[in-house]
Amino acid sequence: MKIAVCVKHVPEGPAHLDPSTKRLDRSGEGALNHFDANAVEEALRLKGESDIEVVAVSLGPQKALDSLRKALAMGADRALLVSDDAAAGSDLVATSRLLAAALEREGADLVLFGQQASDADGAVLWAAVAERLGRPVVSQAMELAVDGGSVRVKRQTEFGYDTLEAPLPAVVAVSDAINEPRYPSLKGIMGAKKKPQDVLSLAGLGVDAGDVGEAGSRTTVLALGEPPARGDARKIEDDGNAAQAIVDFLAEKRLV
Amino acid sequence: MPTLVFLEHHGGELQKGSLGVLAKAASLGDAAAVIAGPGASALAGEAGRYGAAKVWACEDEQVAQAVPQPRVDVLAQVVADGGYDTVLFANSVLAADVAAGLAARLDAGLNWDLTGIEFQDGELVGKRPALQDSVYADVGWTGTPRLALFRAGSFDATPTGGGDPETTGISPAYRPYSTAVKLVGQDAEAASGPSIEDADVIVAGGRGLGAPESFTLAEELAKALGGAVGATRAVVDAGWYPYSAQIGQTGKTVSPKLYVALGVSGAIQHKVGMQSSGTIVAINKDPNAPIFEFSDLGVVGDVHEIAPKLTELVRQRKR
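Chains as they are written, first to last, in this note's numbering: chain W, 148 to 403; chain Z, 5 to 323.
No wet-lab data here; the hints were simulated from the structure. Be a bit skeptical, because a hint or two may be false.
The calculated lysine to aspartate or glutamate pairs, modelled on EDC-like cross-linking and capped at a C-alpha distance of 20 angstroms, are [said to hold, decoys possible]:
id : chain 1 : residue 1 : chain 2 : residue 2
1  : W       : K382      : Z       : D300
2  : W       : K301      : W       : D266
3  : W       : K382      : Z       : E309
4  : W       : K334      : W       : D165
5  : Z       : K313      : W       : D165
6  : Z       : K227      : Z       : E127
7  : Z       : K227      : W       : D395
8  : W       : K340      : W       : D232
9  : W       : K301      : W       : E290
10 : Z       : K131      : W       : D165
Chain Z is faced by these chain W residues, among others (derived, beta-carbon under 10 angstroms) [claimed, not checked]:
id : residue
11 : V240
12 : A247
13 : E251
14 : E253
15 : W273
16 : G281
17 : M289
18 : V293
19 : V300
20 : G360
21 : P375
22 : K400
23 : L402
All C-beta atoms in this analysis are idealised placements derived from N, C-alpha and C, irrespective of residue type, glycine included.
Could you build the full structure based on these sequences and the hints that come with them?
Structure (structure tokens):
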């Protein structure tokens, strides 16, 4: 059995947008999106001592290898990076196309995602990738078990907890409530260097440059602006009458 | 701009968030709605009151459970049959997966986390707060159909005065993988009051409450105000309150008319989930708590003293 874990290399520290490209500035230091560490951890938990192969897959600049190495140091067996300048600026439609192509090549039984990207707050990629792969998808998994040819997932929604079953191959996005990711050991970090790390270009993957990047995208950023300012804010110290002051404030705003 | 709005329903009621998006769509032009699930047709009249001139109702067994993929089949069919060039969704666990699946199916642009939409020079433009809402981007689409997911509470669900809509049944061909996920168990949370995403008032508790028992302060105040109870990630992680009440980057995004924060510090991860609330009132004993930077009324004081008094005063007013 093979598990592919999709991971993203995100800017470290406060992120900002490049005013000329209107894209996220990715020139600085980066790190493994911490939500994806939950997905790596879950793959390693499922692997245990078995011969399940865990491959970490990422799209991004060469620097994204740093995040893939972190996944390897945690215990993944292999890494695959799809890196090509023509893919920069890909939106959901373009990114899902490219990632699905990479995953088709891997042919994993189970594809895992973390619950969101901490940079762009995206929390939808798995559903688009599953559609392109023609596989069942379950998101927000807080418990995950593989049993023979199917996966059983307990998930949390706005209305309670659902337990769902899907036949493999399947795509699952895990919630960060599912586990506590391990820290790579020194041995893991040293061992990561020797594990296979493949880098593929668009050509290597057989994807046309016109289908990714801005050319393959269907959304665009038109302008960047300041957030709207809040109105008059008040701050008071409790002198014993704060509760009354709050009620008066709410009454003035017609909220009680 | 014939626009289609995905209406989500639960327990026989259309969700307020999606009705808000429908009312917004109706204000921009012709709006239709799609409702999927047994009982869908019975909800069409309600959709009409929020601006749907036409409702597509799918009563199929395949859409009985709250899973996204069969809904992608329904929407793809409706977009084709009705010739819609714009499809709008109110964000939810379900709607996000439906929207992204549809985007891939139709190779259509999806802008998410929008808080507004308008015409600029005849083109549709979405408003997208980014990077912890420090930047507001104007986003667009380079082709049709255009898909958009709106942040919870972006629009008020105000009836538009519309009448009964034209209702058409729809039963698409379902792809094998779309119907492969089966619901095998359900454990509904004992809900007290409205769900937090639909509540007009939310009282949220944080670490400053001091102990899990003190959540009764939040519950009592919420009950008095007719609202729901929310929680910060810290207290959910500590096991004081269920995850389903968690508000923030890794929980729900809410924007009630009134948000009362009890002992909530206002860490960035919490802020992004509630800062679009109408009015924010915060009680915290730490005068330097970040929550005061984005509160309309900040009270520096002991939440254990103030909250019970506040609850009593609110009750007295309502008598």
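> So which hints don't hold here, by number, going up?
Replying inline: 2, 4, 5, 6, 8, 13, 14, 18 and 20
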